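Asker: My request is simple: use the sequences and hints to build the entire structure.
These protein sequences, in sequence, are chains A and B.
Residue numbers are given in the working numbering: position 323 of the first sequence equals residue 323, and the series is strictly consecutive.
Residue numbers are given in the working numbering: position 84 of the second sequence equals residue 84, and the series is strictly consecutive.
What the hints contain is simulated information worked out from the structure, not anything from laboratory work.
Just to be clear, a hint being listed does not mean it is correct.
The list cannot tell twin chains apart, which means a pair is met if one copy fits it or any two copies do.
[As the list claims (entries may be wrong)] The calculated DSS-like cross-link candidates involving lysine-lysine, where the alpha carbons are at most 30 angstroms apart (straight line), are:
hint	residue 1	residue 2
1	45	298
2	298	236
3	161	236
4	161	298
5	236	45
6	236	101
7	161	45
As the structure is a prediction and not an experimental result, all values here were calculated from the model.
There are 2 protein chains.
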Amino acid sequence: QVSQWVRNQAYPQGSVGRFMDPVYAVFPPRLTVGETIERLRELIKQAFITYGFIVDEAGRLRGVITMRDLLFAEHERTLEAVMIASPFSLDARMPLAEAMKAVLSRHYPVYPVCDGDGRLVGLVRGQVLFEEQNFEISAQPASMVGVEEERLTTPWQRCLKLRHPWLQFNLLTAFLAAAVVGVFQETLNQLVILALFLPVLAGQSGNTGCQALAVTLRGLTLGEVRPGRERALVAKEAWLGLLNGLLVGLVSAVGMYVTAASQHNPAAPWLALAILLAMVGSCVVSGISGAMIPLTLKRLGADPATASSIFLTTATDVASMGLFLGLATVLILW
Amino acid sequence: QVSQWVRNQAYPQGSVGRFMDPVYAVFPPRLTVGETIERLRELIKQAFITYGFIVDEAGRLRGVITMRDLLFAEHERTLEAVMIASPFSLDARMPLAEAMKAVLSRHYPVYPVCDGDGRLVGLVRGQVLFEEQNFEISAQPASMVGVEEERLTTPWQRCLKLRHPWLQFNLLTAFLAAAVVGVFQETLNQLVILALFLPVLAGQSGNTGCQALAVTLRGLTLGEVRPGRERALVAKEAWLGLLNGLLVGLVSAVGMYVTAASQHNPAAPWLALAILLAMVGSCVVSGISGAMIPLTLKRLGADPATASSIFLTTATDVASMGLFLGLATVLILW
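Answerer: In structure tokens:
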């Protein structure tokens with residue numbers, strides 16, 4: 001137990017090697033089934049044993065034997081002859097997240113873990129991997145807003161420290177959007193009604209982008225994004241953005257027209273047209289961004305969930321409000 | 001196989017009963033270990049068998065026997081004497097989500113499933129439960145934006161149908177926020193600079209709320225919210241909202257002051273004060289809403305992830321922009 005702990009410490013944090021339990025049931029290939037049973041009879045008194053592992057003189061994993069095989073094989077046969085040869089094993093240096101994907105379709109109670117030379121160095125329980133996986137997957141929405149390390153029991157001082165930098169960083173990007181609005185301050189001065197619809201536009205294109213982002217992230221989590229399919233995925237999101245933007249834009253245009261007309265604004269039809277076009281354009285940008293940002297982050301080796309939403313919000317805010325105010329300026333004030 | 005399928009159909013959609021495999025290794029309690037091994041020798045040729053199940057004359061599950069126990073028990077003993085009595089089992093009528101929670105700490109390869117009278121009616125593989133669980137947990141961010149049913153391969157027509165209602169519903173709530181801004185149109189008319197900071201304020205309080213929401217939802221998913229602790233949780237989020245709002249509000253106030261002063265606006269200090277106070281107030285509201293909305297939905301029996309973000313956005317938009325414009329009106333124009 002102690003020596004296993006020492007061995008585990010040699011592996012990097014977050015790797016499979018850190019989570020290994022010691023292996024007790026290790027047997028040479030030439031041992032007979034009968035001899036193995038006799039050895040196991042003693043071993044099971046000391047440890048909970050699920051499988052027997054067969055290793056050669058160099059310590060390399062050669063096979064696995066189940067209790068079922070031992071029960072029904074003839075006692076004179078050698079392990080070599082009845083074992084499951086070249087069994088599935090994990091590499092101790094593998095990050096836990098990768099190991100989880102590797103075992104997803106297996107669901108064994110324990111997995112043998114080997115070093116780079118194929119030597120059996122420990123066991124890892126399936127439960128350990130799956131607990132980590134639940135924890136990881138459930139962290140995704142949290143990581144999108146910078147709080148993946150936080151639990152309910154985290155003291156508030158630490159919460160503040162974890163959450164606050166993310167908010168300040170977002171503020172920076174919000175100032176960017178404000179600056180875009182600022183460019184059109186003269187337009188707003190003449191058409192205050194535009195201000196009412198700025199949050200509507202930013203909100204809707206943000207939502208369209210979030211839908212694309214959520215679907216893409218989930219596809220990445222479940223390993224469904226096949227190489228070469230990225231372009232089709234982005235095209236689909238652009239198309240959906242166009243259609244959703246068109247439908248939502250029409251309703252917004254009606255809302256804008258009614259509001260402007262009730263204020264006796266002679267530019268009411270043009271205002272309605274501006275919001276319709278801006279909604280379509282910004283929803284297309286949002287859809288494309290929602291799919292492309294996580295795919296790009298993933299390709300760059302970053303965690304696609306963590307930073308996606310900041311980039312997405314910036315893109316949707318700047319695109320939607322800039323487009324809207326720009327169109328209104330061109331259509332009405334020029 | 002066919003009769004098992006018929007039996008499964010009798011259970012409600014999404015219940016454990018729908019996912020059952022047939023049980024082959026069923027034995028009476030008085031059978032000896034030796035007799036059991038002989039029976040199993042034939043059974044393992046037909047099916048993959050992990051455990052033996054011991055049922056009484058009425059078909060009720062009495063115990064489980066592992067291959068390891070059979071291997072090392074004396075052949076004359078009865079199963080009754082060596083089995084694991086009153087083993088863990090799932091109820092066939094249980095929803096899958098509940099079953100997943102029940103097996104979270106067990107991680108057996110298969111689980112016996114019983115009907116309401118404790119009769120063994122099938123087996124369910126752990127893998128099936130865990131696949132469903134990954135799928136469910138990974139659906140959470142998607143369900144927050146109304147796309148939990150969608151996969152990467154879903155055709156675009158269906159995507160549009162799934163996503164669009166959510167966007168239209170959000171538009172309705174965005175109009176509510178726009179109406180709140182509309183109340184202060186005269187204020188905006190006199191102080192166009194306020195329009196620049198509306199998206200900043202809505203964005204920041206939205207983010208504060210999303211952080212609280214993500215942490216609370218994760219706590220609910222991992223089963224960490226203990227009854228009676230809800231009030232403390234909401235209080236903590238209110239406190240964090242206050243602190244985050246204060247710090248973000250100070251930076252925003254500086255931004256507002258610099259912008260207003262550069263435009264020679266004599267109300268610059270008051271504008272800065274208005275955004276500071278509005279930021280603090282709306283971040284407190286957002287923090288409280290982010291924690292309370294999912295807890296309330298959960299208590300009402302609804303899925304806390306699905307609708308939370310719509311309610312949250314509405315609350316943060318109305319609170320942040322209403323507070324900001326109201327404060328500006330009171331502080332500067334009165």
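Asker: At 30 angstroms max between alpha carbons, let me know whether residue 161 reaches residue 45 within a copy, between copies, both or neither.
Answerer: neither (49 angstroms within a copy, 60 angstroms between copies)
Asker: First find the shortest C-alpha distance between residue 236 and residue 45 inside one copy, then the shortest across copies, and answer within, between, both or neither for a cut-off of 30 angstroms.
Answerer: neither (60 angstroms within a copy, 49 angstroms between copies)
Asker: Is it within, between, both or neither when you check residue 161 against residue 298 at 30 angstroms Cα-Cα?
Answerer: both (27 angstroms within a copy, 29 angstroms between copies)
Asker: With identical chains, the pair residue 161 and residue 236 could be close in the same copy or across copies; at 30 angstroms between alpha carbons, which is it: within, between, both, or neither?
Answerer: For residue 161 and residue 236, only the inter-copy Cα distance (14 angstroms) is at most 30 angstroms; the intra-copy one is 39 angstroms.
Asker: Within a copy, between copies, both or neither: where do residue 45 and residue 298 come within 30 angstroms Cα-Cα?
Answerer: Neither: 48 angstroms inside a copy, 46 angstroms across copies.
Asker: I want to check one pair: residue 236 and residue 101. Are their C-alpha atoms no more than 30 angstroms apart within a copy, between two copies, both, or neither?
Answerer: within (27 angstroms within a copy, 36 angstroms between copies)
Asker: With identical chains, the pair residue 298 and residue 236 could be close in the same copy or across copies; at 30 angstroms between alpha carbons, which is it: within, between, both, or neither?
Answerer: within (19 angstroms within a copy, 34 angstroms between copies)
Figure legend: structure checked against the earlier numbered hints; hints not met, in rising order: 1, 5, 7.
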